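Protein chains in written order, with the numbering used here: chain A, 8 to 354; chain B, 470 to 877.
By construction, these hints were calculated from the structure, which means they are not laboratory data.
Hints may be right or wrong, so weigh each one.
[Said to hold, decoys possible] Where chain B lies over chain A, by a calculated footprint (3+ residues, C-beta under 8 Å):
{"id": "1", "region": "143-149"}
{"id": "2", "region": "153-160"}
[To be verified] From the structure, some residues in chain B lie toward chain A, with a derived Cβ separation under 8 Å:
{"id": "3", "residue": "L550"}
{"id": "4", "residue": "Y552"}
{"id": "5", "residue": "S557"}
{"id": "6", "residue": "L584"}
Remember, it's a predicted structure, so these values are computed and weren't measured experimentally.
Just so it is clear, CB atoms sit at the ideal spot from N, CA and C, and this is done for glycine as well.
What follows is each chain in one-letter form.
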Amino acid sequence: MKLTRTFVLKTLRLLTMVSACAALTSHADDYADISQLLQANKFSEALAKVDSQLVTKPADPQFRFLKGVIQRNMGKPAEAISTFTKLTEDYPELPEPYNNLAVLYASQSQYDKARSALEMAIRTNPSYATAHENLGDVYARLASRAYNKALQLDNGNTAVPPKLALIRELFKPNLANPRPVVTAAASTTPMPVAAPATPSAPTTAPVKPVSAAAAPAMPQTKTVPAPVPATVPVNASKAVEAAVMAWAKAWSAKDMASYLAAYSPEFDPAGQQSRAAWEQVRTARITGKSRISVTLSDLQVKLTGETAVASFKQAYKADALSVSSRKTLNMHRNGDRWLITKESTGR
Amino acid sequence: MNSTAFACALCLLLGAVQTQAKVKNKKTKPALTASQTQQNGAAEARLIAIYRLIGKGDTRTALKQAEQLLKTNPSFALAQLTYADLLSAQARPLQAFGDAPPDQRILGHDTLADLRSESLLRLKALRERPDAGTLPSEFLKLAAHNKHAIAIDASLARLYLFENRANGPVLVADYYISLGKLGIDKRVEGDQRTPLGVYFITSQLDPKTLKDFYGSGALPINYPNVLDIKRGKTGGGIWLHGTPPGQFSRAPLASNGCLVLANPDLLSIVRQVEIRTTPVLISKKLKWVPAASLKPSTHEFTSQLHAWLKAKSSGNLTNLATFYAPDFNHNGKSLSDWLPTLQHEVSTWQGKSLEIKDLSLLRWVDTHETMVVTFGEVARGQRSGQTRRQYWSREGTQWKIFYESVAS
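Chain A with its partners taken away, still in its complex shape (with noise of 0.2 Å):
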């Protein structure tokens, strides 16, 4: 254990900028004089200038971001884990403070968290979301051939090709994005340094790409068992959650016709893909899996009239990958149904 951690510590690598907003600030002069008195390890002038900043500023991100970095090198992880945390409650879209937390909870030997920030650095981008996934998949088809190799089996036997999901659409800088700007300051949504997905991509990338053709006709026209048992109105946060867990069952079932069906037409796609876009590759994502089994618990719902906030604990498992996340679902009534309208993950 103590080899671990060690080199849990060597690796995890803390992140001293906040690399998104540091470019277009508007006080990019006092963020590098503190970033230098850092990086020359005087830390308590570092300290008492950041906290002068905040003075004024009290909500800005860069300058709460390099006091957890001071706290932390000052030796005070509990204070820096307890700025990184608010960061995340205030910044969510932020990958940086999670990618610390979870530095500052590895060395604490709590791998569970540590785990669950980092996953939700990856997921503050659906970008990074997807690649990470598609990651996960390559590597679990590189370790099957390497089984095949290693137990002399014939290689045609498990050779189902992964079907990984293509990002459709770049993600663009927030200059048409619907998503609510951080703060002034923070001007720019993250952007991925390399975009995982540029237009080339289905020629050059060993990823299977969706073709237009394969979309899955919506059985919008016929009639889809109903999830939801149709007269509930003594009871709608009963239905909202019988709604919840037919959405569950349907993507666990990969029956991708109710899985669909449980979205609005006013679904909103994360990352600005167009809705046909969006179900492409959700049903190259699911179909492709051998198995998938979804769970939920911890689950609560919010009902405000015609609309609900189902919030629950999501522990999904695919083939070889485990991923265990909190979501959330904002659904509204549409007839004798409630339908999700926004999907995320997080907080």
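We have chain A already, so just place chain B on it with the hints.
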């Protein structure tokens, strides 16, 4: 964390390696030097280095090194399995060493069990290394012309190669080795077992004349030996040989009784050892003892040997006959058939005293105690004589000869 889980899955194995390293330090014995590691199966040493990295949780470096190891040894299945685990660990937590997905685990069930067992045995042999200055208790005395000696420990699937230097045999290399499918203690032809006993390499077979199956060459041994024949054991064709193409090493229990080494390991042995004079001891479990502790047994036996020599020199046939066992057998000749030969020999000496040169004593203990004795028998004043081999058996406090032969 994936790396932690993987490290835990391997902790048993790695605990083993690390313990061994500690013991080394305590006794201030030098750890294996780079050149020794090179000699002792370079691929295995690299695999162990990867295990150590996994133990430290450094799966990234381990993955890189596994990739490199497979570039030079693509057919090393155990390395391939470790590589597969390292790749899996990137995607999911591992539960065990060789954590293949269910379908592959079922299809490759037997191979997986073999690889796990190979891994454990390789690590066990590294953990239970003999102390410096110790020898298998069977090697009572090697003659100067026994340039090398080989000892095999079946319980560790390990072959130890000794070089006989001026101040005694020194362990110079050791290798993983595969034995018979049904294990050890061969008795009858076709029983797929490896014999136990003291043997000699009888010849060297040119790999060009052999099927690919035997790899880089073959060194046959003299199974069944005189003791085996006395006990009615049958079969033959027990060789040390290499592995077929596409298979770096074989499972611990894989052959029809032969002793199988990785091709580079076998080649290294072929290049060093001489035929006829290299003993091959095959033991269920080697007992390592300090070289000096073998002296009393050696003295006890050599005093009997010299008594025999004195009787022979004196020419008293009746006295000489008492050194031979009632069940003496020389290629079918009983003692009464053999006595005229002795009589003839004695008469040619005409009272000249005899000397023993280049004595080698190999002891074999199972239900009985046997001594395989080889020496040059030279009349005083002569430069050369005959090479004599005798098999002696202990009967109470007395040793009796139950076989002897003379080679020029």
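Right, here's what the structure says about each hint:
1. 143-149: That given contact holds, which follows from 5 residues of the region 143-149 of chain A lying within Cβ reach (below 8 Å) of chain B.
2. 153-160: With 8 residues close enough to chain B, the hint holds.
3. L550: holds (4 Å)
4. Y552: Result: holds, 5 Å to nearest chain A Cβ.
5. S557: Holds, because the Cβ-Cβ distance from S557(B) to chain A comes to roughly 4 Å (cut-off 8 Å).
6. L584: holds (7 Å)
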